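Asks: In order, the protein sequence lines correspond to chains Y and H.
Mapping the first sequence onto our numbering, position 733 (from 1) lands on 733, and the numbers just tick up by one.
Mapping the second sequence onto our numbering, position 3 (from 1) lands on 3, and the numbers just tick up by one.
Source of the hints: derived by calculation from the structure; they are not laboratory data.
Note that the structure is a prediction, hence the values are computed from the model and not measured.
Warning: the hint list may mix true and false statements.
When chains are identical, the list treats them as one kind, so a pair holds in a single copy or across two.
[What the hints assert, rightly or not] Pairs of lysine to any residue residues, derived as SDA-like cross-links and limited to a Cα-Cα distance of at most 25 Å, are as follows:
#  : residue 1 : residue 2
1  : K12       : T163
2  : K11       : N609
3  : K405      : G132
4  : K11       : G115
5  : K271      : C216
6  : K462      : D524
7  : K12       : D531
8  : K529      : D380
9  : K113      : M611
10 : K633      : T37
There are 2 protein chains.
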Amino acid sequence: MLTNATLKQLKKHILEGLFGIEKENLRVTQNGELALTPHPAIFGGKTANQFITTDFSESQVEIITPPLPSIEEAYDFLHTLHSVVSQEIGDELLWPQSLPPVLPDDSLIPIAKYGAESEFEIYRNTISETYGKQRQLICGIHFNVSLSDNFFKQLQEITGGTTAIATLKEEVYLKILRQSMTHRWMLVWMFGETPTAERNFKVKSLATGLDVPMKCGASISLRSGPLGYRNKKEYILDYYSLQKYNHCVSRLIEKGELSSTKELYPPVRMKFLEKDNGAPSYLELRFLDLSPLSVSGVNKSALYGSHILYLYSLLSQEKELFDGEAQHRATKRQDYISCFGRCPDRGFPEELAKAPTIAEEVELLLNDIYECLNDYGVWDNQNYKTAFEHMQFLAANPNQREGVKLFEATQNDNFMDFYLAQAKLAKKDAADNGFRFYGLTDMEMSTQLMLRAAICRGVGFKILDRKENFVELNRNGKIERVIQATKTSLDNYATVLAMENKVVTKKLLASDNIRVPRGGEYDDKASAKIDLPKYLGQPIVIKPKSTNFGIGITILKDKWSEENFQTGLDIAFSHDNTVLIEEFITGREFRFFVINDEVVGILHRVPANVMGDGIHTVRELIEQKNLDPRRGKNYHTPLEKIALGREEELFLQLQGYNFDSVIKDGEQLFLRENSNISTGGDSLDFTDSVHHSYKELAVKATKAVGAKITGADIMISNINEPATDNNHAIIEMNFNPALHIHCFPYEGKNRRINFKLLEALGY
Amino acid sequence: MLTNATLKQLKKHILEGLFGIEKENLRVTQNGELALTPHPAIFGGKTANQFITTDFSESQVEIITPPLPSIEEAYDFLHTLHSVVSQEIGDELLWPQSLPPVLPDDSLIPIAKYGAESEFEIYRNTISETYGKQRQLICGIHFNVSLSDNFFKQLQEITGGTTAIATLKEEVYLKILRQSMTHRWMLVWMFGETPTAERNFKVKSLATGLDVPMKCGASISLRSGPLGYRNKKEYILDYYSLQKYNHCVSRLIEKGELSSTKELYPPVRMKFLEKDNGAPSYLELRFLDLSPLSVSGVNKSALYGSHILYLYSLLSQEKELFDGEAQHRATKRQDYISCFGRCPDRGFPEELAKAPTIAEEVELLLNDIYECLNDYGVWDNQNYKTAFEHMQFLAANPNQREGVKLFEATQNDNFMDFYLAQAKLAKKDAADNGFRFYGLTDMEMSTQLMLRAAICRGVGFKILDRKENFVELNRNGKIERVIQATKTSLDNYATVLAMENKVVTKKLLASDNIRVPRGGEYDDKASAKIDLPKYLGQPIVIKPKSTNFGIGITILKDKWSEENFQTGLDIAFSHDNTVLIEEFITGREFRFFVINDEVVGILHRVPANVMGDGIHTVRELIEQKNLDPRRGKNYHTPLEKIALGREEELFLQLQGYNFDSVIKDGEQLFLRENSNISTGGDSLDFTDSVHHSYKELAVKATKAVGAKITGADIMISNINEPATDNNHAIIEMNFNPALHIHCFPYEGKNRRINFKLLEALGY
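Let the sequences and hints guide you as you build the complete structure.
Replies: Next up, the structure:
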């Protein structure tokens, strides 16, 4: 059916498909010892969290991306998952190498706990017997790849429309499976990352049952080698018919060779989803080692390389029958590469060789791949082009392979030190970027933070409108739609409109005897001017009824004139038909974030500033402060870089300074009047230091407007004194308060409001 | 305490206070017979509805306004209540005269049902014995008037600050009570409206216990006369001390003269609210008859007149002691006016007289009132000035009094016919204006309709932001905030945002297999142009992602060019950063109003049109159609008048007509292309005529977006055929659908969505 003529017509949908990544990492202590703590409770039940669970060992975190429409998206999702897990395991680290660190006595290695009666735990005990715990601790990457429904529909059309999709899937996936098994040696050669093992690492010999040390030799991937992660025997299966394949596997189980299908560990495996009723749904590529040089643990080039081989396996003509002999040859080739892959000048043994050296074998295959996929326009896609060029580079420069670099880095008994350092680097990356959802960094930070919490809790999501930050959360059919993180189903529309309307908010608060700024509401300038005598002589604020971000607001503090008043009115009325005049409340403004009648964060903002040290210039101090990874540009980070702009310069001049001034040690110099974070201001967490009466007040105000989520802005004269009628006022209730300022303040703790929000949403 | 010097200082708050009106009307049939039907269930329990209940008889509706800060507001609220009750009693009418129509046999007059055990019913049986049912059917107006808190606070300050407010209230209200009792005769003279009774009307003589006919003589107010609505004896009370007053009343109850305090029927009565802890809260003025010449049943001048007398009673010096003799004299004066008030040339009997004729007595009193209140600036208020001038006019032209006009109108045994006609006029007024909430006609019609339903159901309300149509409903502490009628607590914010976002709406509907227009979403013109070939040759709509009211939408039906496409994009992108291109769905658009998973109304709109008759010109037909009271201007009515403007003229020209053309009989001529109601379009109710599958679809769509209240706009090819994939599409889900189009369609039934909305809100 898959003739060349047919295949040629499949160009349109060839790159479409779903891509998912599964990755295991051992949790270790700061010293690189296997962590003996339980799988963190924040991740929920191991069978309940679709993204984060355990593999064989309780200490072995497995992270799983959902199937996503591109490699980029799967990679970014995995990176985020890796970052989330790093962040949530306290001081522990994720061991970045597929081969384990120094291990405790076998008896101390914890098997993942599911309850003694659980089939999951029983299975793990069984394989622990068969393969030894140490082998089961070897970690790796599984890359799941499918072709799209469009692809199969088109194939059905091209082939006359009568063949069932299930039949086509069988044929297509079996072909890819056969050929990728044949050619997999090249990916092991190119992307193998386990050249060395910890010096005391031993595994149970599958031949003798005795523990044997894993030694490196000229290995590029010990994990893929004879002592690596594989079945105790080489099983020859029928890869030409699903029925026969299934029959073979069933026979192995019947004979007691395997405990179940999931004990079958081939390098490439068919996977079956319920929706496909027995037809294969995708292929699981199992030959990639963890990449200790990548912060996410995955080498993106290896993913592309795998997919390139996958496509080649589908689209190239099969040159030989994949019978038992061929299967054995493919295994031998893998073993050979695993053991000797670091020496490119070496050739395969004669019976396996197609060219004198491995380097030449690689070149031959790459050339064939290039020609084959070129016909399908694969290289028109920049990502694939770049990835292929990188493969060509590695073929030409085999010492540039990560496996070779890792070999060098771990010489002189440096295995533990090197990987521990890598683990710490990745941990720091996670901490520095703990506010990012990779692949979604164009979305609002509050949304990114909410989604990080979501995947941590096993909650899936779908983006309904990216620009609007409109997402749909879903865990086991419990669906919640969330917009900009805090526009949710928890608050009803009437409540939101009450908060949006400053006048109504004030009325509701005042009728509950909550202190709000006194003043009036005016529909025209004339009526406002009638009240002028009421306001003259006291500090006031003139503001449009319903604009945000301080737009159109005039503050008249002291000695203001009727003319100032008139100007204030002109400005405010240019933004709204209704204008409020209010007493100016003194004190500092604090944002109280309230969820479900609990104050979960209190924040105060101060204008952009630097602290003098008597040595550095203002310019240098700003540059230093801007090095903080939380400071960025255009609201993609929790804080913004302080600008060295005209406004800052003028504000310095007013204070008698310029950018080259040196400020006294310990003196705080402000560079702006306004405290907005967007102009470099600092966010300071006060959650634990404000008098409790204000928290009660914020909750009372929240109840008065009927809200579940709100940001109450309170002016407070003295945070240590209890609230009285004369020392505070609530100036606004925000229905869409930001999360990130409370999670990544300039000073203070991460208040984890993203997690509290999810909890409030019922996750 | 209330010295002249003190009183002079009270000017500032003198007109402030709360005003409430209570009014009774008998329900009668179209023939003027007493309706023997139960109090309508729509008004809920008689003790549960604060606005609409029964008085003595089951057929006697009592409507009660809340206390409101001005006479205007109280009057408008009463008018609305009257209109609501008229509308909700089916074919029955509200009898507009205080004195009853032809009555059935005494035994058939139904006492209001509360349950035989109820104290309310027991009380009614008792008074029915004492006074006879006929007397208890006499209806009237009670006008409740208080002075403001500011007034009493100022009085407290002026008098040294040490006197308790309660004491001041006692003193003030007792003074007003004494003096208004003294002068009440003038209001009876001026505003008495019961000159004649139905010829067979008899009442039980309070002296003999026998039924005696009520005869007119020269009466102006039979209701206020000796046979009118009053206690069986004249009780002399102490009006100088609350304690003594209460003591007198208690004695009467102890002696069995009265069954309870509420059986005390003086013309002016103190009323006590719980909040005032025994101090009087306001005065109830009980001397006004129903006004059969006013559609609301209340003569507004009489309200102002009463308040003017009230103020005069407070502010003028007391000339005599209000002892038993004075009280009796006041009663006599009232009786004398009641019986002979129609003859202004007559004078009081010598012992009561202060001037030769009643007309002169009136003039004397008015002059005194004028002088007295002039010092307080009362005449600076235009409403009071006008009202007082009207009183002067009546004094000078006594035949212009309504009582005299009613006498004339009911001569020649015309009592029943005349009042029946008046009842029908008022009924028509209620029907023609059934969409108005008087006093709030500046608010949106949907809000006015919701508030009409609210007061019908006994739900009180407070306006939080009038311009925004932001109201707070409250019945027995159950509070709901509602904005523009359909922005409520029923829908959560995430759901509203899903409906507001056309792209998200479509995604949610499509994922539930609901047919929506196919198409694409574009963030820039370039990407839209790439898809041009996809759209070329088929009818499409180009629209901004999130604007309303059809702004920025281009429809390209047939033979459109790339240039048209470009122009459409230009227009749409000038309104939004994201633009949708969709297939143009043929068919007619129907609005499905869904509340709580039920389709409660289906509406279709057609452009402004007239129906030819072969006789009249287009201009005449338009003018005729515009006479419909539902057609108005600027959205204050359910339909808008058809304009005779440039656009209509051009549209006629295109069809070969002008405003002076005469159109064939039965030919429908359209004056506009667009079907907006705002440009004179017609709204046609289709609730009962659309295939049920579309109703199911609308409900399914409502569930898909998670809404409780929505207006689903569905394009339908043929309303008689069931929905299939090819004959319809849902084009929008509106989170703020209008109510009024379904309640007052041009053609079809009132679907009473305002009531369904209130029910959904839990009222």
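Asks: Can you give the numbers of the hints that this structure goes against, from lowest to highest?
Replies: 2, 3, 4, 5, 9, 10
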